[in-house]
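> Sequence:
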Amino acid sequence: MLFLIACDQNATDGTIYNATNTEVAFNEASANYTFGTDDPEEFEVLLLRANSIGAATIPLVKEDVSGLFTVPTNVEFADGAYEAAIKVSFDRTKLAVGEDYSIKLNVPENPIQGKIRTFTLTINRDYNWQLFATGTFTSGLFGSWSQELYKAEGFNKYKFPELFAEGYDYKFSVAENGSISLFGGLNSNGLYDFVTGYIHPTYDMVSLYLDPDINYSFFVETTKTACFNHYYYVDAGNFGWKDDSFTW
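Number 123 in the working numbering belongs to position 123 of the sequence shown; there are no gaps in the numbering.
There could be a bad hint or two in this list.
Unchecked claim - Listed next, with one range per pair, are the computed distances between beta-carbon atoms:
hint	residue 1	residue 2	range
1	Ala85	Ser179	41 to 51 Å
2	Trp241	Thr37	30 to 40 Å
3	Ser179	Phe142	29 to 39 Å
4	Glu83	Gly190	29 to 39 Å
5	Ser181	Tyr233	31 to 41 Å
6	Ser181	Thr37	17 to 27 Å
7	Ala31	Pro161	34 to 44 Å
8	Asn27	Glu221	38 to 48 Å
9	Asn27	Gly190	15 to 25 Å
10	Pro72	Lys94	40 to 50 Å
What the hints assert, rightly or not - Derived pair list, reagent style DMTMM-like, types lysine to aspartate or glutamate, alpha-carbon separation capped at 20 Å:
hint	residue 1	residue 2
11	Lys87	Glu176
12	Lys159	Glu148
13	Lys62	Asp39
14	Lys87	Asp64
15	Lys242	Asp211
16	Lys87	Glu76
In short, the hints are calculated from the structure, not lab data. Glycine included, each C-beta is placed from N, C-alpha and C at the ideal position.
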């Protein structure tokens with residue numbers, strides 16, 4: 001038996017109560033899932049309960065504007081189990097490439113007091129990335145190295161896999177005039193934000209801004225040159241503007 005501290009307005013004095021086997025909560029409030037061609041078309045969400053004694057059936061409510069997700073109407077807990085998996089499935093052929101789709105799951109009838117009762121899953125069908133070029137990336141802060149550049153099939157979208165650090169892909173779009181824009185919107189200063197993933201030994205995480213002004217950042221396929229005007233910074237200060245480039 002798991003004992004919880006009550007948090008509702010009728011028990012604000014720290015009263016201890018015995019949870020029932022139908023009091024449930026999600027272990028996290030949200031998750032994002034980008035899937036490629038070979039990834040499964042399903043996602044498992046964990047629902048937890050406070051008391052594992054006895055089997056239990058928990059009604060599940062979904063908000064699915066797109067109508068593209070399949071989820072069960074109930075979640076079944078086996079006797080002795082503290083958690084149950086909710087399988088969320090979808091058909092990748094019905095999802096547009098590069099678009100976000102979200103579903104919200106809710107357990108309104110008997111949530112664990114003070115815990116997470118609503119979970120939002122956002123999925124994105126990834127582009128079909130194909131090798132575009134192998135060249136040299138030169139950074140005013142980090143030096144030069146051999147770098148692969150991939151292009152999304154059917155789109156003027158590109159990515160440098162793990163440009164500065166493992167797990168941090170640098171993705172950008174190129175307009176007809178050669179101007180560059182990073183994935184995600186502009187910030188209030190008219191710049192694009194990117195977290196490099198590189199941990200400075202003294203100043204911790206290094207991030208950057210990209211200035212999208214075509215005079216400073218541009219992509220020219222005919223000359224096999226791309227320029228990126230980057231402003232590198234950390235919490236404690238900055239390293240200033242650097243004219244980075246990629247040639248192939």
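> If a hint holds in the structure, say so; if it doesn't, say that too.
Comparing the hints with the structure gives:
1. At roughly 45 Å, the beta carbons of alanine 85 and serine 179 sit within the given window of 41 to 51 Å.
2. For tryptophan 241 paired with threonine 37, a C-beta distance near 38 Å keeps the hint of 30 to 40 Å intact.
3. The hinted range of 29 to 39 Å is not satisfied by serine 179 and phenylalanine 142, whose Cβ atoms lie roughly 24 Å apart.
4. Taking the beta carbon of each, glutamate 83 and glycine 190 are about 46 Å apart, not inside 29 to 39 Å as hinted.
5. For serine 181 and tyrosine 233, the Cβ-Cβ distance of about 20 Å falls outside the hinted range of 31 to 41 Å, so the restraint is violated.
6. For the hinted restraint 17 to 27 Å between serine 181 and threonine 37, the CB-CB distance of approximately 25 Å keeps it satisfied.
7. Separated by about 23 Å at the C-beta atoms, alanine 31 and proline 161 break the suggested range of 34 to 44 Å.
8. Checked against the hint of 38 to 48 Å, the pair asparagine 27 and glutamate 221 passes, with Cβ atoms roughly 46 Å apart.
9. As the Cβ distance of asparagine 27 to glycine 190 is approximately 39 Å, the hint placing it in 15 to 25 Å is violated.
10. A hinted range of 40 to 50 Å is violated for the C-beta pair proline 72 and lysine 94, which are about 20 Å apart.
11. A C-alpha spacing of about 42 Å is found between lysine 87 and glutamate 176, which places the hinted pair above 20 Å, so the restraint is violated.
12. Restraint check for lysine 159 and glutamate 148: satisfied, since their Cα atoms lie roughly 9 Å apart, inside the 20 Å limit.
13. As the CA atoms of lysine 62 and aspartate 39 are separated by approximately 24 Å, the hinted pair breaks the 20 Å bound.
14. A C-alpha spacing of about 15 Å is found between lysine 87 and aspartate 64, which places the hinted pair at or below 20 Å, so the restraint holds.
15. With a C-alpha separation of about 11 Å, the suggested pairing of lysine 242 with aspartate 211 holds against the 20 Å cut-off.
16. Simply put, lysine 87 and glutamate 76 have alpha-carbon atoms about 12 Å apart, close enough for the 20 Å limit, and the pair holds.
Comparing the model with each earlier hint shows violations of hints 3, 4, 5, 7, 9, 10, 11 and 13; every other hint is respected.
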